[in-house]
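**Student:** Read off the chains here:
2 protein chains.
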Amino acid sequence: MSPFDHLHLEIPTSKKPRIVIIGGGFAGIQLVKSLKNSNFQIVLLDRHNYHTFQPLLYQVATAGLEPDSIAGALRQLFEKHKDFYFRMARVTGIDPEKKHVKTLIGDLKYDLLVIANGSKTNYFGDQEMFEKTFPMKQVPQALDLRSHLLQNFEQTVLSNEEEEKDRLTNFVIVGGGPTGVEVAGALGELKKHVLPKDYPDIDFDIMNLHLIDAGPRLLAGMSEKSSKKATKYLEAFDVNVRLNTMLKSYDGKDVVLSDGTTIRSKTVIWAAGVTGNIVDGLPKESLKGGRIVVDEYNRVNGTQDIFAVGDIAGMYSEEFPKGHPMVAPVAIQQATNVARNLGKKDAKAWKSFKYKDKGSMATVGRNKAVVDLPKFHFGGFFAWLVWMFVHLMSIVGFRNRLVILTNWLWNYMTYDRGTRLIIRTFVRNKHYKSGDTL
Amino acid sequence: MSPFDHLHLEIPTSKKPRIVIIGGGFAGIQLVKSLKNSNFQIVLLDRHNYHTFQPLLYQVATAGLEPDSIAGALRQLFEKHKDFYFRMARVTGIDPEKKHVKTLIGDLKYDLLVIANGSKTNYFGDQEMFEKTFPMKQVPQALDLRSHLLQNFEQTVLSNEEEEKDRLTNFVIVGGGPTGVEVAGALGELKKHVLPKDYPDIDFDIMNLHLIDAGPRLLAGMSEKSSKKATKYLEAFDVNVRLNTMLKSYDGKDVVLSDGTTIRSKTVIWAAGVTGNIVDGLPKESLKGGRIVVDEYNRVNGTQDIFAVGDIAGMYSEEFPKGHPMVAPVAIQQATNVARNLGKKDAKAWKSFKYKDKGSMATVGRNKAVVDLPKFHFGGFFAWLVWMFVHLMSIVGFRNRLVILTNWLWNYMTYDRGTRLIIRTFVRNKHYKSGDTL
Numbered sequence: 070m071s072p073f074d075h076l077h078l079e080i081p082t083s084k085k086p087r088i089v090i091i092g093g094g095f096a097g098i099q100l101v102k103s104l105k106n107s108n109f110q111i112v113l114l115d116r117h118n119y120h121t122f123q124p125l126l127y128q129v130a131t132a133g134l135e136p137d138s139i140a141g142a143l144r145q146l147f148e149k150h151k152d153f154y155f156r157m158a159r160v161t162g163i164d165p166e167k168k169h170v171k172t173l174i175g176d177l178k179y180d181l182l183v184i185a186n187g188s189k190t191n192y193f194g195d196q197e198m199f200e201k202t203f204p205m206k207q208v209p210q211a212l213d214l215r216s217h218l219l220q221n222f223e224q225t226v227l228s229n230e231e232e233e234k235d236r237l238t239n240f241v242i243v244g245g246g247p248t249g250v251e252v253a254g255a256l257g258e259l260k261k262h263v264l265p266k267d268y269p270d271i272d273f274d275i276m277n278l279h280l281i282d283a284g285p286r287l288l289a290g291m292s293e294k295s296s297k298k299a300t301k302y303l304e305a306f307d308v309n310v311r312l313n314t315m316l317k318s319y320d321g322k323d324v325v326l327s328d329g330t331t332i333r334s335k336t337v338i339w340a341a342g343v344t345g346n347i348v349d350g351l352p353k354e355s356l357k358g359g360r361i362v363v364d365e366y367n368r369v370n371g372t373q374d375i376f377a378v379g380d381i382a383g384m385y386s387e388e389f390p391k392g393h394p395m396v397a398p399v400a401i402q403q404a405t406n407v408a409r410n411l412g413k414k415d416a417k418a419w420k421s422f423k424y425k426d427k428g429s430m431a432t433v434g435r436n437k438a439v440v441d442l443p444k445f446h447f448g449g450f451f452a453w454l455v456w457m458f459v460h461l462m463s464i465v466g467f468r469n470r471l472v473i474l475t476n477w478l479w480n481y482m483t484y485d486r487g488t489r490l491i492i493r494t495f496v497r498n499k500h501y502k503s504g505d506t507l
Numbered sequence: 070m071s072p073f074d075h076l077h078l079e080i081p082t083s084k085k086p087r088i089v090i091i092g093g094g095f096a097g098i099q100l101v102k103s104l105k106n107s108n109f110q111i112v113l114l115d116r117h118n119y120h121t122f123q124p125l126l127y128q129v130a131t132a133g134l135e136p137d138s139i140a141g142a143l144r145q146l147f148e149k150h151k152d153f154y155f156r157m158a159r160v161t162g163i164d165p166e167k168k169h170v171k172t173l174i175g176d177l178k179y180d181l182l183v184i185a186n187g188s189k190t191n192y193f194g195d196q197e198m199f200e201k202t203f204p205m206k207q208v209p210q211a212l213d214l215r216s217h218l219l220q221n222f223e224q225t226v227l228s229n230e231e232e233e234k235d236r237l238t239n240f241v242i243v244g245g246g247p248t249g250v251e252v253a254g255a256l257g258e259l260k261k262h263v264l265p266k267d268y269p270d271i272d273f274d275i276m277n278l279h280l281i282d283a284g285p286r287l288l289a290g291m292s293e294k295s296s297k298k299a300t301k302y303l304e305a306f307d308v309n310v311r312l313n314t315m316l317k318s319y320d321g322k323d324v325v326l327s328d329g330t331t332i333r334s335k336t337v338i339w340a341a342g343v344t345g346n347i348v349d350g351l352p353k354e355s356l357k358g359g360r361i362v363v364d365e366y367n368r369v370n371g372t373q374d375i376f377a378v379g380d381i382a383g384m385y386s387e388e389f390p391k392g393h394p395m396v397a398p399v400a401i402q403q404a405t406n407v408a409r410n411l412g413k414k415d416a417k418a419w420k421s422f423k424y425k426d427k428g429s430m431a432t433v434g435r436n437k438a439v440v441d442l443p444k445f446h447f448g449g450f451f452a453w454l455v456w457m458f459v460h461l462m463s464i465v466g467f468r469n470r471l472v473i474l475t476n477w478l479w480n481y482m483t484y485d486r487g488t489r490l491i492i493r494t495f496v497r498n499k500h501y502k503s504g505d506t507l
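Keeping their order, the protein sequence lines are chains A and F. In this text, residue positions in the first sequence follow this note's numbering: the first is 70, and each later residue adds one. In this text, residue positions in the second sequence follow this note's numbering: the first is 70, and each later residue adds one.
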C-alpha cells in the first residue's frame with residue numbers, strides 16, 4: 070500500500086478548457102501570471118509547495134539568507150486568481166493519447182499541457198559524483214550544504230591531524246558557470262571576513278578554495294572581458310581558478326584532477342551543468358540533447374496540444390544550434406509568448422518566439438560583479454550595485470524583497486552572515502536522489 | 070569505528086582555572102556573559118552551534134518566523150571574549166572523581182563545572198506519545214511541525230474521505246501551559262486569517278483545534294484572571310479548551326480522551342511538560358524530582374566544584390517545595406548570581422539565590438495576550454504590545470531583533486505568514502530521540 074493511497078488528484082470541471090502546467094519555476098509562474106483572467110482553467114502541479122528563486126540559492130548555502138527570502142509559497146502567489154488550482158504532486162509521466170498527466174496520486178486530464186519542469190543537476194552519468202558531491206539546485210540541497218560546511222569548521226577545531234584538517238577546510242567547486250563563480254566568491258568572503266572571527270583557533274591559510282572548469286575560461290556564456298575580470302576578482306578572494314581541468318575521480322576524501330593534482334577535500338560542490346527534467350511518455354522524436362524539441366511556438370514536436378517552456382524546451386535553430394541558454398529570462402519570455410499565443414482564437418495570429426538577450430551578469434562577492442549588456446561590459450562596484458538591484462527587482466513578492474534587502478544591508482555593514490546555524494546534520498552517502506523532495 | 074574517531078576534545082591549558090559550562094541555553098549564555106574578563110578560562114559545550122530563544126519557537130512551527138530570527142550562533146555571541154572556547158559536542162556524562170566531562174569526542178578536565186543543560190520534553194514514560202506526537206523544544210522539531218501541518222492541508226485538498234479530512238485538519242494540543250496556549254492561538258490565527266486564502270477549496274469549518282489540560286485551568290502558573298482571559302481569547306479563535314481532561318491513548322490516527330471522546334487527528338502536539346536533562350555520573354542523592362538538587366548557591370548536593378543552573382537545578386525550599394519554575398528568568402538570575410559568587414575569592418562573600426519574579430505573560434494570537442505583574446494583571450491589546458516589546462528586548466543580538474520586528478510588522482499588516490514552505494518532509498514514525506541533534 071502506498072502512503073498516498075487515500076489521495077486523489079481531482080479538479081472540479083469547468084466550462085473552460087483546462088491547461089495543466091507542470092512546474093512552478095520561472096516559466097510556470099510566468100504562465101500562470103500571464104494567463105490570469107484568460108479563457109482557461111489553470112492547474113499548476115509542482116512537487117514543492119513553493120517557487121525557488123534559484124539565482125540566490127547560493128546565498129542560502131553560504132549562510133547569507135534563510136529560505137524564506139528566496140522561496141515563495143505558490144498558493145500565496147496566485148491567491149487572487151480565479152479558476153486556478155495548485156496541487157502538490159510529483160509528475161511521473163504523460164499519456165499524450167489519453168491526454169493525461171500521470172502523478173503519484175493519480176492521473177489528470179488536460180486539454181492543453183505545458184511542460185515547464187526545468188532542469189536538474191547533470192552528473193553526466195557519473196554515479197560517484199552523484200553520490201559524493203553536493204548539488205545546488207534546490208532549497209533543501211542548499212540547506213544541507215550550509216550545515217555541512219559549518220560542521221566542517223566545528224570538526225576542524227577538534228582535529229589534530231593535518232590531512233583531516235585539509236579535507237575539512239578545502240572546498241572544490243566543479244563548474245565555472247555563474248553558480249560555480251558565485252559560490253566560490255561567497256566562500257571566499259566567508260574565509261576572508263566571517264569565519265576567522267568565529268574560529269580564532271583555526272589558521273585560515275589552510276582553507277583552500279578551488280574552482281575548476283573543463284573549458285579555457287570562466288563564465289563561458291559571457292564576454293571574454295567579463296571572464297577575465299571575474300577570474301581576477303576571484304583570485305583576490307583567494308580562489309584557485311583551474312581552467313582546462315577536469316575532475317577525474319573523487320572518493321569522498323580526495324579529488325584527483327585531470328592534470329594529476331590531488332586535493333584533499335570532504336566538500337565537492339557540483340555546479341558542472343544541468344540537463345532537462347525529461348518526462349516519460351513523449352514520442353522519441355521529440356527528445357534531443359536532453360531537452361524536449363519544440364517549434365518556434367514552443368509546441369512539442371509531433372504534438373498539437375503539448376508545449377514545453379524554459380530550460381526543458383529545446384528550440385533548435387541556426388542562431389541557437391544547441392537551443393537557448395538555460396536561464397530565467399528565456400523561460401520568462403517563452404512563457405509570456407506562449408500565454409499570449411494561447412489567448413488568440415486563431416493560431417494564425419500566433420507569434421514565433423524571439424529571444425531578447427538583455428545581458429547577463431554574475432557577482433563575485435563583496436563589491437564585485439561583472440555585467441554584460443549587448444553592447445557594453447562593465448565590472449566592479451557599480452556592476453555589483455546593478456547586480457543587486459536587478460536581482461532584488463526580479464524576485465517575486467514584496468516580502469521577499471524586504472527580507473533580502475534587510476539581510477543584505479546587515480551582511481554588508483557588519484561583515485556578518487546571520488544564518489550560521491547547523492540545523493540539518495549532513496550524513497555522508499545519505500544523499501537524495503536528484504530531484505527528490507527532501 | 071565511530072564517525073568521530075578522528076576528533077578530539079582538547080582545550081589549550083591556561084594559567085586560569087577552567088570552568089566548563091554544559092549547555093548554551095539561557096543559563097549558559099548568561100554565565101558566559103557574566104564571566105567575561107573574569108579570572109577563569111571558560112569552555113562552553115553544546116550539541117548545537119546555536120542558542121535557541123525558546124519562547125518564540127512556536128512561531129517557527131506556525132510559519133511566522135524562520136529559524137534565523139530566534140536562533141543565534143554561539144560563537145558569534147562571544148566573538149570578543151578572551152580565553153573562551155566553544156566546542157560543539159554532546160555530553161554523555163561526568164566523572165566527579167576525576168573531574169572530567171565525558172563527551173562523544175573525548176573527555177575534558179574541569180576545575181569547576183556548571184551544568185546548564187536545561188530540560189527536555191516530558192512524555193512521563195509513555196513510549197506511544199514519544200513516537201507519535203510532535204514535541205516543541207528545538208528548532209528542527211519546530212520546522213518538522215511546520216512542514217507537517219502545511220502538508221496536511223495539501224493532502225486535505227486531495228482527499229475525498231471525510232474521516233481522512235478530519236484527521237488532516239484536526240489539531241490536538243496537549244498541555245495548557247504557555248507553549249500549549251501560544252501554539253493553539255497561532256493555529257487559530259492560521260485558521261482564521263491565513264489558510265482560507267491559500268485553500269479556497271477547503272471548508273475551514275472542518276478544521277478543529279483542541280487544547281486539553283489535565284488541570285482545572287489553563288496557564289496554571291499564572292493568575293486565575295489571566296487563565297480566564299486566555300481561555301476566552303482562545304475560544305474567540307475557535308479553540309476548544311478541554312480542562313480536567315487527559316489524553317488516554319493515541320495511535321497516530323485517533324485521540325481518545327479521558328472523558329471518552331474520540332478525536333480524529335494526525336497531529337498531536339505534546340506540550341504537557343518538561344523534565345530535567347539529567348547527566349550521568351552524579352551521586353544518586355543529588356537527584357530529585359527529575360532535577361539536580363542544589364543548595365542556595367546552586368552548588369550540587371554533595372559536591373564542591375559542580376553547579377547546576379536553570380531548569381535542571383532543583384533548589385528545593387519552603388517557598389519553592391517543587392523548586393523554582395522552569396522558565397528563562399530563573400535561569401538568567403541564577404546564572405548571574407553564580408557568576409558573581411565565583412568572582413569572589415572568599416566563599417563567605419557568596420550570596421544565596423533569591424528569585425525576583427518580575428511577572429509572567431502569554432500571548433493568544435493577534436492583539437491578545439495576558440500579563441501578570443506581581444501586583445497587577447491585565448490583558449488584551451496593551452498586554453499584547455507589552456508581550457511583543459518584552460520578547461523583542463529579551464532576545465540576544467540586534468540582528469535577531471531586526472528580523473523579528475520586520476516579520477512581525479509584515480505579518481500584522483498583511484495577515485500573512487511568510488514561511489509557508491514545506492521543506493522537511495515529515496515521515497511518520499521516523500521520529501528522533503528527544504534531545505537528538507536532528
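Just to be clear, a hint being listed does not mean it is correct.
For identical chains, the list gives no copy identity; a pair is met inside one copy or between any two copies.
[Claimed, not checked] Straight line, CA to CA, 20 Å or less: simulated SDA-like cross-link-like pairs of lysine to any residue:
#1 K206 - R493
#2 K294 - L454
#3 K266 - F153
#4 K301 - A283
Hints in this document: simulated from the structure, not taken from any laboratory. Just so you know, these numbers come straight off a predicted model, no measurement behind them.
**Student:** Work down the list of hints and note, for each, if the structure agrees.
**Tutor:** So, going through the hints one by one against the coordinates:
When the C-alpha separation of K206 and R493 is checked against a cutoff of 20 Å, the pair qualifies both within a copy, at 17 Å, and between copies, at 16 Å. Proximity of K294 to L454 under the C-alpha cut-off of 20 Å is restricted to the intra-copy arrangement: shortest distance 19 Å within a copy versus 56 Å between copies. Taking the shortest Cα distances, K266 and F153 sit within 20 Å of each other only across copies (13 Å), while inside one copy they are farther apart (50 Å). Taking the shortest alpha-carbon separations for K301 and A283, only the intra-copy value of 18 Å comes in at or below 20 Å, while the best inter-copy value is 67 Å.
The structure is consistent with each of the numbered hints, conforming to all of them.
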